[in-house]
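Peer 1: The chain contents come next:
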Amino acid sequence: MPKPITPPAVDRVYTLNLGPQHPSTHGVLRVLLDLDGEFIVKADPVLGYGHRGHEKMGENRTYKQFMPNTSRMDYLSGLLYNHGFALAVEKFAGIEVPLRAKYIRTICAELNRISSHLLWFGTYVMDLGGFTPFLYAFDDRENILDILDRVSGSRLTYSYCRFGGVCRDVDDTFLEMTRAFIGRLRSRFPDYHNLVTKNIIFIHRTRNVGVIHPEQARQFGVTGPNLRACGIPFDMRKVEPYEIYDQFDFEIPVGTNGDALDRYNVRLEEMEQSCRIIEQALDRMPKGGPYLNKSVSFRLAPPKGELYFAFESARGLTAYYLVSDGSPYPYRCHIRVPSFSNLHVLTDVFCGTMVADAISILGSIDVVIPEIDR
Amino acid sequence: MGSLVTSEWFRLVLGLVIVLAFSQLNALFLVWLERKVAGHIQLRIGPKEVGPFGLLQTIVDGLKLVGKELITPRSADSRLFPIAPVLVFMPVLVGFLVLPFAPNLIIRDMNVGVLLIFAFSAFTVLAILAGGWASNNKYALLGAIRSVAQNVAYEIPLLLAVLSVVLMVNSFQFSEIVKGQERVWFFLIQPVAALIYLICATAETNRAPFDIPEAESELVAGFHTEFSGMRFGLFFLAEYTNMFIVSAVATSLFFGGWHGPFGLDLGVPGIVWFLAKTYVLIFVIMWVRWTFPRLRFDQLMNLSWKFMIPLSLANLVVTAIVLKLV
Amino acid sequence: MMKRDLILQKLRKLLPEGAVSEDEGYESGVAFSARVPVARIVEIASACDHAGAYLESMTGLDFEDTAEIVYHFHTYEPKSRFSLRVLFPHEEKIPTLSGIFSSAVWLEREVREFFGYVFADHPDPRNLLLPEDADFHPLRKTFGKIAAYRKREEIYA
Amino acid sequence: MGYWKEIVEGGWSLVEGMRVTVRRLCRPVVTVQYPRKQLNLSPAYRGHIEFKRFPDTGTHKCIACGACQRACPSHVIKVQGVKAHLNSAKTATHYFIDFSRCSLCGLCVETCPTKTLQYSREYELEGESRLDSIVDLMARLEQRNS
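Residue numbers (the working numbering), protein chains in the order written: chain A, 1 to 374; chain B, 375 to 700; chain C, 701 to 857; chain D, 858 to 1003.
Derived by calculation from the structure, the hints in this document are not laboratory data.
Since the model is a prediction, treat every value here as computed from it, not as a measurement.
Don't be surprised by glycine CBs; every beta carbon is placed ideally from N, CA and C.
You may find that some hints are simply not true.
Beta-carbon label-pair distances, calculated as ranges [claimed, not checked]:
| # | chain 1 | residue 1 | chain 2 | residue 2 | range |
| --- | --- | --- | --- | --- | --- |
| 1 | D | SER986 | C | TYR856 | 44 to 54 angstroms |
| 2 | C | HIS750 | D | LYS935 | 27 to 37 angstroms |
| 3 | D | PRO885 | B | GLY603 | 30 to 40 angstroms |
| 4 | D | ALA946 | A | SER297 | 37 to 47 angstroms |
| 5 | B | LEU430 | D | LYS935 | 44 to 54 angstroms |
| 6 | D | ALA996 | A | PRO303 | 41 to 51 angstroms |
Negatives, chain D to chain B, calculated, CB over 10 angstroms [to be verified]:
| # | residue |
| --- | --- |
| 7 | GLY874 |
| 8 | THR878 |
| 9 | ALA946 |
| 10 | ASP955 |
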């Protein structure tokens, strides 16, 4: 637990309005910080600037029509959300998926995960004041976007997955590009380490900053790399393997202290693990065969009942909770988003830290605000 | 007539005019250079549209700033607020008066030149504090407070590092110091002092990784958050002019001023040597900025009080003892 | 023994016969789900807390005849998600779990603003995502355009 | 001794970082100077929809069935058609989309029974008002024909 600070006299505390148009609150987060000098006494996030009502929209749309919505919640890992929704509905309605489609989806999802982590890497270092790694990371991320653009036609909100497959087959160029990208990314890691990971200033800005204890993480429901940085190897891809993740050989990186440096290391290692998954998938992918189960009707109606489907997005455990009344419209479509809990824990972690640390912690936790607002 | 041209007053007025023109143009050039260096470090081009290699880009930007409305926040201090940008630029100009560009190109070769330059550079912090305070904005105030603490902390090791050079030549006069480096540049004899000087100078000019007074990811823009138009422009130009001055001082104190290396002038005029070395130092400062993340405020203080000050003190003592013994 | 099974045993002991239904194949994404009376939700949830589960998700459901809140818990172990379900009339106040799980504070704020289900003694009953002056509850089936408003037994046979 | 070790190791790490950036300084830039140079569009690029022209008929094959209109999650498609006479097939007379609200999901293209819709390859779109984003597919097809 963070060390308790003596509450200062009331007249010493002033309120600083951080956001929603602050350079480093990533989107539209607004945090009301009660400060004593440079120290934070209380943090109160104000949310909802990006609320679009996706859950209500889900009730008014057929399952197929809801697919484009899913990539607009967490716009940095839109394909993972597409993938999760496709998996959820496939499980719910009992739709067969061709093997080739499973591989394509896995490769694209992992590419999307890497791109999300790369963007996080860049913005995090930029929050700490280092501007250059941001553009190096974007340079690499552009490569992923080119690859995904080639198969899906979009660079951000993909809507690539369909129930029973994907909307477009991949070609050999895609496979070559992906292989080339993995080699390229691996050759860039040493530079990243020299430029950022080993940098003494970076280490001082992150070590023992924003420590989340496992108990605290459990209390607040923290998931994803933030939880793994506390030493709990909880990853949906291993714990409840979905799609074909049980066939791949990969590890779940964990940290020890749960501080910002551990979160950083976990994410960087996760990129490497994603590379491993992609490599294995590329090797084993069936050469031909269907990429889409075309028998899925537009007004597809799962049987009455409910389904809770959890998967691992780039930011943590994400879940679709669907209730069907047997009609083509879901009766309830709830989305459990990881950033919601991950941001909530900050109200606790922020107390007693400096403003500069708050920025570092906020960056290290990797929240996407529209995902929380839904 | 002849007496007018050679008179001190004429010299001073002419010098001031040249300084004004040079400092402005130089600052505009440095802004362009910074953007180019940053661009190429980040694998992009930087300005390229206006003029050859985009050289006129900053002039156009400056014109745009001049044309912008000067906004004074309603709750700002209406008298202090407009003064602050002027205050910040004024001391920077004074620095040019004593810089030894070449053997005969010193506007006023005072015997306390070194002292004068540091006295006036300490003045900028007052202007920053005025600007931050007058804005009546929490971000600006935080930036101003940080700036004061930082400048106070870094002035000490800075001056201690300079003192060890002064001890070696027994003079505060720039021309004397430069003359003392005809054979060997002082940074070879005083590497620790040179390093400390460069680090502290970076901090003095609020450059990354010590740019916490204006840390854009924390304080939006720090002390100049509320300034718009040319008021912001003055802060901006002052930062770059300041950078030139600290680099020029470093050149004359540690890197031989107008001398070539090891007394080899190679027929190149002194001013070329001087400016070349200054711009190389400026490039290094820019290079550092685009490489490192920013320090936290308390770490910045730690660095000064725990590392810089003891080191510079030790360096000064060792210098003094060695000089006494030799 | 897995925490999930420990909790299952505990719940069987605490709750009446037939309240806990197991899902062997993990078909609906939960290992078992328990119907909990409103009055006992705090007691049951703190039992889950002691056993080391975390509150993963919490959401409301709106039926014509009843309101429902579904709590999903997980224990970080393979296939160990389980749910607690509370049924209550729309106007009734529900006890808050914020004293047990910190995460419940925001989750309950979200449920309150979107469904209008009121939590008794909630420490921070402001709106979370909606504007602070919003007096409507968007996810209630009485709000806006909807496909159907059903009774609970029409969906859960 | 941690004091000295930190100075040396920390200092070295800074030098390493500067080596990375200066090496990049000498490398060619990776950005594309956009209006002067343009990249190739992805083969799957999704612009707004437009009619395909079939070589056998020289025109589109839209039968105004309204499948795309129903499939569209954002309700941006309006299609109308007429029957030339009682027993003939319907053909579209009007087809509009409001591109400003389109989410480019591609459901219309996928549901089209005659496969007459395709994605356009335009990306430099601009307009002075929201109304400019309404695309008239029939007019576009004629424009391309002429």
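Peer 1: Against each hint, give a clear statement of whether it holds in the structure.
Peer 2: Verification of the hints:
no., hint, in the structure
1, D:SER986 - C:TYR856: 44 to 54 angstroms, "holds (50 angstroms)"
2, C:HIS750 - D:LYS935: 27 to 37 angstroms, "violated (59 angstroms)"
3, D:PRO885 - B:GLY603: 30 to 40 angstroms, "holds (38 angstroms)"
4, D:ALA946 - A:SER297: 37 to 47 angstroms, "violated (24 angstroms)"
5, B:LEU430 - D:LYS935: 44 to 54 angstroms, "holds (51 angstroms)"
6, D:ALA996 - A:PRO303: 41 to 51 angstroms, "holds (46 angstroms)"
7, GLY874, "violated (5 angstroms)"
8, THR878, "violated (5 angstroms)"
9, ALA946, "holds (55 angstroms)"
10, ASP955, "holds (36 angstroms)"
In this structure, the earlier hints numbered 2, 4, 7 and 8 are contradicted, and the remaining ones agree with it.
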